[in-house]
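Starting from the known structure of chain A, arrange chain B on it as the hints suggest.
Protein chains in written order, with our numbering: chain A, 113 to 403; chain B, 113 to 403.
Honestly, I wouldn't trust all of these hints.
When chains are identical, the list treats them as one kind, so a pair holds in a single copy or across two.
As the list claims (entries may be wrong) - Cross-link-like lysine-lysine pairs, in silico, PhoX-like; alpha carbons within 25 Å at most: (1) K385 / K200; (2) K385 / K245; (3) K357 / K369; (4) K140 / K174; (5) K139 / K158; (6) K139 / K357; (7) K193 / K385; (8) K276 / K200; (9) K174 / K224.
Derived from the structure by calculation, the hints contain no laboratory data.
There are 2 protein chains.
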Amino acid sequence: MKNKPLFQQMTIVGVGLIGGSVARSLKKHHQCATIVGYSRNEKELKKALALGVIDSYSTDIKRAVQGSELILLSTPVGAYKAILDELKDNLSENTVITDVGSSKQSVINAAKAVFGYLPPTFVPGHPIAGTEKSGVDASIDNLFAQRCIILTPLPETNREAIDKVRAMWQAIGAEVVEMSPEHHDHVLAATSHLPHVLAFSLVNTLAQMNEHNEIFRFAAGGFRDFTRIASSDPTMWRDICIENKEAILELMQIYEKQLKVLEAAIQTGDADKILSLFSHARDARDEHVIQ
Amino acid sequence: MKNKPLFQQMTIVGVGLIGGSVARSLKKHHQCATIVGYSRNEKELKKALALGVIDSYSTDIKRAVQGSELILLSTPVGAYKAILDELKDNLSENTVITDVGSSKQSVINAAKAVFGYLPPTFVPGHPIAGTEKSGVDASIDNLFAQRCIILTPLPETNREAIDKVRAMWQAIGAEVVEMSPEHHDHVLAATSHLPHVLAFSLVNTLAQMNEHNEIFRFAAGGFRDFTRIASSDPTMWRDICIENKEAILELMQIYEKQLKVLEAAIQTGDADKILSLFSHARDARDEHVIQ
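One chain only, chain A, in its complex shape:
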């Protein structure tokens, strides 16, 4: 039984892991009749077309968005401002825009810088999903199943626009929650941005050591898991560090203090303190993190 799709046409700006996975998921669920790709990188678009992820593409933004009910921005956040600049005069009033950027205040600021305000049809969003891989080759049709999507609309955001974006994510199996952009940035700095920053730094620490080939050889499964996120897209993570700078720096400082507490306990051989720190961490993780 095929119901009427949610959208007749939508445009995906930046068809990589996330954009490609949204497209594949919508296709699987028959929720969008035509998916148009846009990028400055035609090679990426050709590949997405060949893979059947998109139905057509254009490297001309005006053509790419013509007739689309929904535009999804899924490039690294650092590229948003330039894209919105190009979009500005090619946007019909009813077209809903949403995005998948990992920092939300900066996205809203970029939109404000271009439009003078956050357009009421722009619904900032962020899917809490992804892998360490990147590119359309890595896109899959169930990346958002049972995953959480955070929307951060402002009071002036159009309710119908929010509901449309919400419906899109729900149609591909995700759960949608709303919170303020400030709160989003604070929470994600802790659960995602800080861990990435720590993992990149750990790999760099080891790569610096003289015997680094040998060192990586003796890395067990725990190390592979721990550093998997250090294989993530460097450009995307550079942009996140720039865009969510304040929250990330605050967390890094809290983390460094925490590390110093442990370091002091190791230094003085305070076995009870070390055990209490480790036990506390294990209990917190086992209580809160679903395996």
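The following block gives chain B in isolation, referenced to the frame of chain A:
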């Protein structure tokens, strides 16, 4: 075709994840006719017996080692000295001893403190394998398949004893390498001890935050992987931090410096520097770490 087993009888001291997995693996490969368990915790031994991991047990060390060709120490390293003290007068000259401790210089020092020297039949070892789980319930019969085992014998260690321990690990599918205890401790501080210390500290940082319930809710797959090792046994990791203190502290300081470099780049908005740090980390991981 059943060949003659390598060992007629061995004793496993501490039948948890590692000791239990050695026992299960040897049984699977028919390499030990009788496996005797020893522990101060009789409940653990009863469970291991019920699970078929060991064939018999004793809480009397003299009985537990009588007639065994090989004794495997697989308790947390902090307990070794007390165990060796008890073993000292109950050891026949030909009995080979090995262990699975994550720090090797401290194990050798513990043996020297008890015996006055490292007995030539004591072959210090460390399997680079494990999971974040602990206890005999978590033991499996293929934990060491294709994994690396590091032996750190001294020049005075008996070659036959080394070969016996080597044969045991190879019989259950592992690859054995030898290196000095100092080098082992340095390498493992980097690939295993530092990541654990960082993961425990990350979870504690997040657990401190007011909204910690919510924060853990929005943790994606990368976070789960990254913090998995924070579910490891706190007692075991306390002992490792005490026993390999110098190498761990040195690595923590190098790591903190690395983190400060990134922090400064984020602070000043140095996009090129951030990108270069992240790219370098991704390349190093992708080059060296087998997925």
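Which constraints among the numbered hints does this structure fail? Numbers only, ascending.
Violated hints (numbers, rising): 1, 4, 6; every other hint is consistent with the structure.
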